[in-house]
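*Asks:* Build out the structure end to end from the sequences listed, making use of the hints.
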Amino acid sequence: MEWNTNIMKDIPMTGSPFYPEIQLDYNTSQHSTTGKSPFLVEKGWNALLPVYNLKKIILTIHPTAKDFHVMWNRECETAERCIALVQEYKKQSHDNTNKEPDFREGDQVLIDREKFSGGKTDRRILYETPSVPSGFVQSFPPNSFNRFPSRNKSHTPQDIVEVEDFPGPVKKIMKAGKIRLNVKDHRQYLVRLKNQTADKDRWLAEDAIPNGEILLRGFRVSWRSEKSHQL
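Using this note's numbering, read the sequence shown as starting at 1 and increasing by one per residue.
Just so you know, the hints here were simulated from the structure itself, not pulled from any lab data. None of these values were measured; they are calculated from a predicted model. Please note: incorrect hints may appear among the correct ones.
[Claimed, not checked] PhoX-like mimics (lysine-lysine), calculated; alpha carbons at most 20 angstroms apart, straight line: (1) Lys194 <-> Lys172; (2) Lys200 <-> Lys172; (3) Lys227 <-> Lys175; (4) Lys194 <-> Lys171; (5) Lys66 <-> Lys99; (6) Lys175 <-> Lys200; (7) Lys227 <-> Lys172; (8) Lys175 <-> Lys194.
[As the list claims (entries may be wrong)] Pairwise CB distance ranges, derived in the manner of DEER restraints: (9) Leu181 <-> Ser93: 36 to 42 angstroms; (10) Lys91 <-> Ala205: 52 to 58 angstroms; (11) Ser225 <-> Arg180: 57 to 63 angstroms; (12) Asp185 <-> Cys76: 44 to 50 angstroms; (13) Thr97 <-> Phe68: 50 to 56 angstroms; (14) His229 <-> Leu181: 29 to 35 angstroms.
Just so it is clear, CB atoms sit at the ideal spot from N, CA and C, and this is done for glycine as well.
*Replies:* Following this line, the structure appears as structure tokens:
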């Protein structure tokens, strides 16, 4: 390749993004006739020429690139270890939940009747077997959770809450609020009981408060007075 110095003069060197590449080729490429670089032919020896020649064969890595390579390898090892742990956990979970049953054909077993009467059951099954045959299958009682402990989560019996007697007369109404029940808003009031501390306060409906009309009248008057003082 023959170099023409006029081409180099015509190229604007200031602000050109190709200037480093052109300068490197100009200083390191070999002349086809003389076997030397154009810089040596025109200007003589270049002190930086050995550096340019070494850069052509030596791979230089920026320190940040080296740190990124180390970080990338470390994160890949961590990801592989996490994937292995997840696979092991999934296998153990699958083995624990998919065990061979301990009953055999002909044994009496307890079943859940919801599987036969639920909304997602195919209608053909309901028509063919409207009721479970009692000769080889026994129905699943609602309280036999000791036989199937794994079903306790989906079939939790509701605790029977006994209705307590009203602890005492109401001293005053503290606050008003609303709850949403059956797509309707119901107003309730926080009442303070006589001779009781604040932790015994409870929310009651208007019809459940003894002498509710008198107490509510006083509560509304005090509420309006507080609003007027705030304004």
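*Asks:* If a hint holds in the structure, say so; if it does not, say that too.
*Replies:* These are the hints, each one checked on the structure:
1. Between Lys194 and Lys172 the CA atoms are separated by roughly 8 angstroms; this keeps the pair inside 20 angstroms, and the hint holds.
2. Between Lys200 and Lys172 the CA atoms are separated by roughly 13 angstroms; this keeps the pair inside 20 angstroms, and the hint holds.
3. Taking the CA atoms of Lys227 and Lys175, the gap is near 14 angstroms; set against the 20 angstroms cutoff, the hint holds.
4. Proposed proximity of Lys194 and Lys171 is supported: the alpha carbons are some 5 angstroms apart, at most 20 angstroms.
5. Annotation: proposed proximity of Lys66 to Lys99 is violated, straight-line Cα distance about 50 angstroms (limit 20 angstroms).
6. Taken as a hint, the Lys175 and Lys200 pair is honoured in the structure, with Cα atoms around 14 angstroms apart against an allowance of 20 angstroms.
7. Between Lys227 and Lys172 the alpha-carbon distance is near 19 angstroms, which keeps this suggested pair within the 20 angstroms criterion.
8. Between Lys175 and Lys194, the direct Cα distance comes to roughly 16 angstroms. Compliance with the 20 angstroms bound is thereby established for this hinted pair.
9. Against the hinted window of 36 to 42 angstroms, the Cβ-Cβ separation of Leu181 and Ser93 comes to about 40 angstroms, which satisfies the hint.
10. In this structure the hint that Lys91 and Ala205 lie 52 to 58 angstroms apart at CB holds, the actual value being about 55 angstroms.
11. Separated by about 30 angstroms at the C-beta atoms, Ser225 and Arg180 break the suggested range of 57 to 63 angstroms.
12. Hint check: Asp185 to Cys76, Cβ distance near 57 angstroms, so the stated range 44 to 50 angstroms is violated.
13. A beta carbon spacing of about 42 angstroms between Thr97 and Phe68 contradicts the range 50 to 56 angstroms that was offered as a hint.
14. Between His229 and Leu181 the beta carbons are some 34 angstroms apart, a value that agrees with the proposed interval 29 to 35 angstroms.
Checked against the numbered hints given earlier, the structure breaks hints 5, 11, 12 and 13 and satisfies all the rest.
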